[in-house]
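Trainee: Residues per chain, in single letters:
There are 4 protein chains.
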Amino acid sequence: MSLRIIATGGTFDKHYDPLTGNLVFRDSVLPSALVRARITEPHVFEPLLALDSLDMNDTHRKQILQSCAHSAEDHIVIVHGTDTMRETAEVLGHAALAKTIVLTGAMVPYLIAGSDALFNLGFACAAAKLCGHGVSIAMNGRVFAWNDVKKNRAAGIFESAH
Amino acid sequence: MSLRIIATGGTFDKHYDPLTGNLVFRDSVLPSALVRARITEPHVFEPLLALDSLDMNDTHRKQILQSCAHSAEDHIVIVHGTDTMRETAEVLGHAALAKTIVLTGAMVPYLIAGSDALFNLGFACAAAKLCGHGVSIAMNGRVFAWNDVKKNRAAGIFESAH
Amino acid sequence: MSLRIIATGGTFDKHYDPLTGNLVFRDSVLPSALVRARITEPHVFEPLLALDSLDMNDTHRKQILQSCAHSAEDHIVIVHGTDTMRETAEVLGHAALAKTIVLTGAMVPYLIAGSDALFNLGFACAAAKLCGHGVSIAMNGRVFAWNDVKKNRAAGIFESAH
Amino acid sequence: MSLRIIATGGTFDKHYDPLTGNLVFRDSVLPSALVRARITEPHVFEPLLALDSLDMNDTHRKQILQSCAHSAEDHIVIVHGTDTMRETAEVLGHAALAKTIVLTGAMVPYLIAGSDALFNLGFACAAAKLCGHGVSIAMNGRVFAWNDVKKNRAAGIFESAH
Numbered sequence: 002m003s004l005r006i007i008a009t010g011g012t013f014d015k016h017y018d019p020l021t022g023n024l025v026f027r028d029s030v031l032p033s034a035l036v037r038a039r040i041t042e043p044h045v046f047e048p049l050l051a052l053d054s055l056d057m058n059d060t061h062r063k064q065i066l067q068s069c070a071h072s073a074e075d076h077i078v079i080v081h082g083t084d085t086m087r088e089t090a091e092v093l094g095h096a097a098l099a100k101t102i103v104l105t106g107a108m109v110p111y112l113i114a115g116s117d118a119l120f121n122l123g124f125a126c127a128a129a130k131l132c133g134h135g136v137s138i139a140m141n142g143r144v145f146a147w148n149d150v151k152k153n154r155a156a157g158i159f160e161s162a163h
Numbered sequence: 002m003s004l005r006i007i008a009t010g011g012t013f014d015k016h017y018d019p020l021t022g023n024l025v026f027r028d029s030v031l032p033s034a035l036v037r038a039r040i041t042e043p044h045v046f047e048p049l050l051a052l053d054s055l056d057m058n059d060t061h062r063k064q065i066l067q068s069c070a071h072s073a074e075d076h077i078v079i080v081h082g083t084d085t086m087r088e089t090a091e092v093l094g095h096a097a098l099a100k101t102i103v104l105t106g107a108m109v110p111y112l113i114a115g116s117d118a119l120f121n122l123g124f125a126c127a128a129a130k131l132c133g134h135g136v137s138i139a140m141n142g143r144v145f146a147w148n149d150v151k152k153n154r155a156a157g158i159f160e161s162a163h
Numbered sequence: 002m003s004l005r006i007i008a009t010g011g012t013f014d015k016h017y018d019p020l021t022g023n024l025v026f027r028d029s030v031l032p033s034a035l036v037r038a039r040i041t042e043p044h045v046f047e048p049l050l051a052l053d054s055l056d057m058n059d060t061h062r063k064q065i066l067q068s069c070a071h072s073a074e075d076h077i078v079i080v081h082g083t084d085t086m087r088e089t090a091e092v093l094g095h096a097a098l099a100k101t102i103v104l105t106g107a108m109v110p111y112l113i114a115g116s117d118a119l120f121n122l123g124f125a126c127a128a129a130k131l132c133g134h135g136v137s138i139a140m141n142g143r144v145f146a147w148n149d150v151k152k153n154r155a156a157g158i159f160e161s162a163h
Numbered sequence: 002m003s004l005r006i007i008a009t010g011g012t013f014d015k016h017y018d019p020l021t022g023n024l025v026f027r028d029s030v031l032p033s034a035l036v037r038a039r040i041t042e043p044h045v046f047e048p049l050l051a052l053d054s055l056d057m058n059d060t061h062r063k064q065i066l067q068s069c070a071h072s073a074e075d076h077i078v079i080v081h082g083t084d085t086m087r088e089t090a091e092v093l094g095h096a097a098l099a100k101t102i103v104l105t106g107a108m109v110p111y112l113i114a115g116s117d118a119l120f121n122l123g124f125a126c127a128a129a130k131l132c133g134h135g136v137s138i139a140m141n142g143r144v145f146a147w148n149d150v151k152k153n154r155a156a157g158i159f160e161s162a163h
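Chains as they are written, first to last, in my numbering: chain Y, 2 to 163; chain S, 2 to 163; chain D, 2 to 163; chain F, 2 to 163.
By construction, these hints were calculated from the structure, which means they are not laboratory data. Quick caveat, the model's predicted, so the values are computed rather than measured. Please note: incorrect hints may appear among the correct ones.
[Claimed, not checked] For lysine to aspartate or glutamate, the following EDC-like pairs were computed, each having C-alpha atoms within a straight-line distance of at most 20 Å:
hint	chain 1	residue 1	chain 2	residue 2
1	Y	151	Y	88
2	S	63	S	53
3	Y	152	Y	53
4	F	100	F	47
5	D	152	D	91
6	Y	152	D	42
7	F	100	F	74
8	D	63	D	18
9	S	152	Y	53
10	S	151	Y	88
11	Y	152	S	42
12	F	151	D	42
13	F	152	D	42
14	S	100	S	42
15	S	63	S	91
16	D	100	D	42
17	D	152	Y	88
18	D	152	F	42
19	S	100	S	74
20	S	152	S	91
21	D	151	F	160
22	S	152	F	18
23	F	152	S	18
24	Y	151	S	42
Could you build all of it, start to finish, from the sequences and the hints given here?
Mentor: So, in structure tokens, the structure goes:
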């Protein structure tokens with residue numbers, strides 16, 4: 002049972018640019034995070050996009066869906082910005098692929114002290130292995146179905162939509 | 002569905018002592034790791050032991066079993082040294098409690114650069130939520146049944162015993 | 002010979018705000034950085050300002066000058082944003098106080114992986130102890146006189162103005 | 002005015018070995034620490050030894066002295082274990098080379114959370130640039146003459162011998 006990990010950008014993968022003082026995208030941190038995690042489970046890393054999720058449009062979401070549809074691996078983790086993670090999950094959810102797809106991200110970039118990124122990656126990898134087919138969001142130590150989740154922006158947490 | 006996280010020591014929780022140059026136990030790093038993980042799932046932290054797992058004996062394993070047996074939470078993560086994680090899992094497995102118990106640990110202490118600890122904690126928390134009743138070991142991005150796992154000391158990884 | 006360390010903000014002291022995704026000011030990181038540095042030299046920490054140095058105006062620079070003038074300690078380190086560090090150094094330089102004043106900062110925040118902040122702080126503390134009276138900028142492992150320094154923004158380094 | 006940085010091992014440069022659980026020597030962390038420090042001052046790195054300073058003998062100290070004597074750079078930082086830093090400083094001090102030699106180290110390894118290593122490296126680099134010819138120890142934010150320093154092992158700090 003092998004795993005595909007798809008990078009799409011988001012807070013998880015932001016780097017600090019010393020010249021501009023901005024948080025930007027560079028090569029994904031995921032390959033080094035996965036080495037550090039000492040995973041022996043066979044897995045494939047796919048650097049698909051490097052976007053702030055507020056900059057994602059329908060075309061980007063279709064690209065993500067295509068990657069999932071064509072994936073030889075049935076267990077997929079997508080690292081994604083939190084702001085529109087729900088929207089991407091919805092596109093994937095409606096497609097109803099016979100695969101287990103788990104979206105995760107971070108509230109603090111992997112490279113910044115006190116980041117939740119590595120915890121979330123571990124949590125999402127386990128969820129992608131253990132959940133049945135379907136699409137879910139793994140954040141805050143919880144697993145949410147794609148059609149029952151929203152981001153509470155004021156609190157900075159994900160919660161059930163109902 | 003709430004979670005109990007039990008600290009027993011192990012590499013995960015080692016601190017560096019500047020006076021002796023040794024790795025030792027102090028207050029567990031788990032409370033701060035759990036804050037950092039931004040878990041909203043209700044959870045309880047229990048600092049039970051602070052031992053190198055090579056120093057664990059039958060009495061210690063019975064203590065761990067008692068904690069699990071008396072736990073009000075049915076989903077339990079035990080942070081444990083890797084060297085005798087299998088032995089503790091076996092004691093818990095034979096007890097056949099109607100609970101989901103997942104043991105995890107780390108090959109590199111949480112406080113040392115490049116540690117796998119936070120990934121493993123995330124992975125184990127998801128496994129403890131998603132697996133059915135039983136005892137397993139979550140390491141290297143995999144979930145092993147308590148009666149089919151061994152630590153390969155030369156390679157520093159867990160693998161199936163068969 | 003005791004030391005005064007004055008925080009004024011700048012990249013050195015930026016925190017990540019998980020709710021907005023911006024780098025902002027909170028309580029200075031300097032008290033914990035100084036504990037970590039294990040300094041036994043008597044020293045005083047003064048949290049004076051928390052500003053991006055591009056937001057500093059003449060009033061702020063006068064405040065910094067007043068702090069230096071009234072300081073009971075003759076050896077002063079000022080942690081400052083890099084963009085207008087030279088301008089503040091000039092105000093202090095013209096005042097010609099009978100004190101050793103060293104400005105430093107960081108190209109990467111203290112709390113972000115790979116930061117130069119702690120190195121620069123150590124470098125500046127030594128310069129503040131060892132240089133004679135006057136005002137200098139300590140960055141990039143070098144000490145620049147206040148009237149012979151400029152920031153090369155394209156390269157992200159400080160260099161001689163001549 | 003260029004700088005030579007000599008690695009000899011010590012706590013500063015200890016790595017964690019996941020297979021044995023011991024702190025050991027690997028490739029020095031200094032090259033990456035120096036990149037991180039964004040030093041533009043010309044400098045040379047020399048990986049001379051990789052030893053616990055308790056394992057250093059007279060032959061090793063002579064090697065260090067030879068490196069200093071033959072160094073084309075007149076400003077030298079030696080990263081050294083703290084336990085016998087004073088003894089090495091004494092050998093170098095008696096040699097009375099016409100160079101500025103500063104020994105430093107760390108109470109917590111560079112790769113462990115809360116390390117003083119990077120601060121000490123910055124402090125020592127400034128001292129090596131700014132002090133006159135002679136041998137000193139830079140630790141705890143202070144500069145000690147080679148013949149007036151001792152390590153207080155109970156407190157884990159360096160202090161004047163008198």
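Trainee: If a hint holds in the structure, say so; if it does not, say that too.
Mentor: Taking the hints in turn, this is what the structure says about them:
no.	hint	in the structure
1	Y:151 <-> Y:88	9 Å, holds
2	S:63 <-> S:53	16 Å, holds
3	Y:152 <-> Y:53	16 Å, holds
4	F:100 <-> F:47	17 Å, holds
5	D:152 <-> D:91	13 Å, holds
6	Y:152 <-> D:42	48 Å, violated
7	F:100 <-> F:74	8 Å, holds
8	D:63 <-> D:18	30 Å, violated
9	S:152 <-> Y:53	41 Å, violated
10	S:151 <-> Y:88	42 Å, violated
11	Y:152 <-> S:42	15 Å, holds
12	F:151 <-> D:42	15 Å, holds
13	F:152 <-> D:42	15 Å, holds
14	S:100 <-> S:42	17 Å, holds
15	S:63 <-> S:91	11 Å, holds
16	D:100 <-> D:42	17 Å, holds
17	D:152 <-> Y:88	44 Å, violated
18	D:152 <-> F:42	15 Å, holds
19	S:100 <-> S:74	8 Å, holds
20	S:152 <-> S:91	13 Å, holds
21	D:151 <-> F:160	38 Å, violated
22	S:152 <-> F:18	16 Å, holds
23	F:152 <-> S:18	16 Å, holds
24	Y:151 <-> S:42	15 Å, holds
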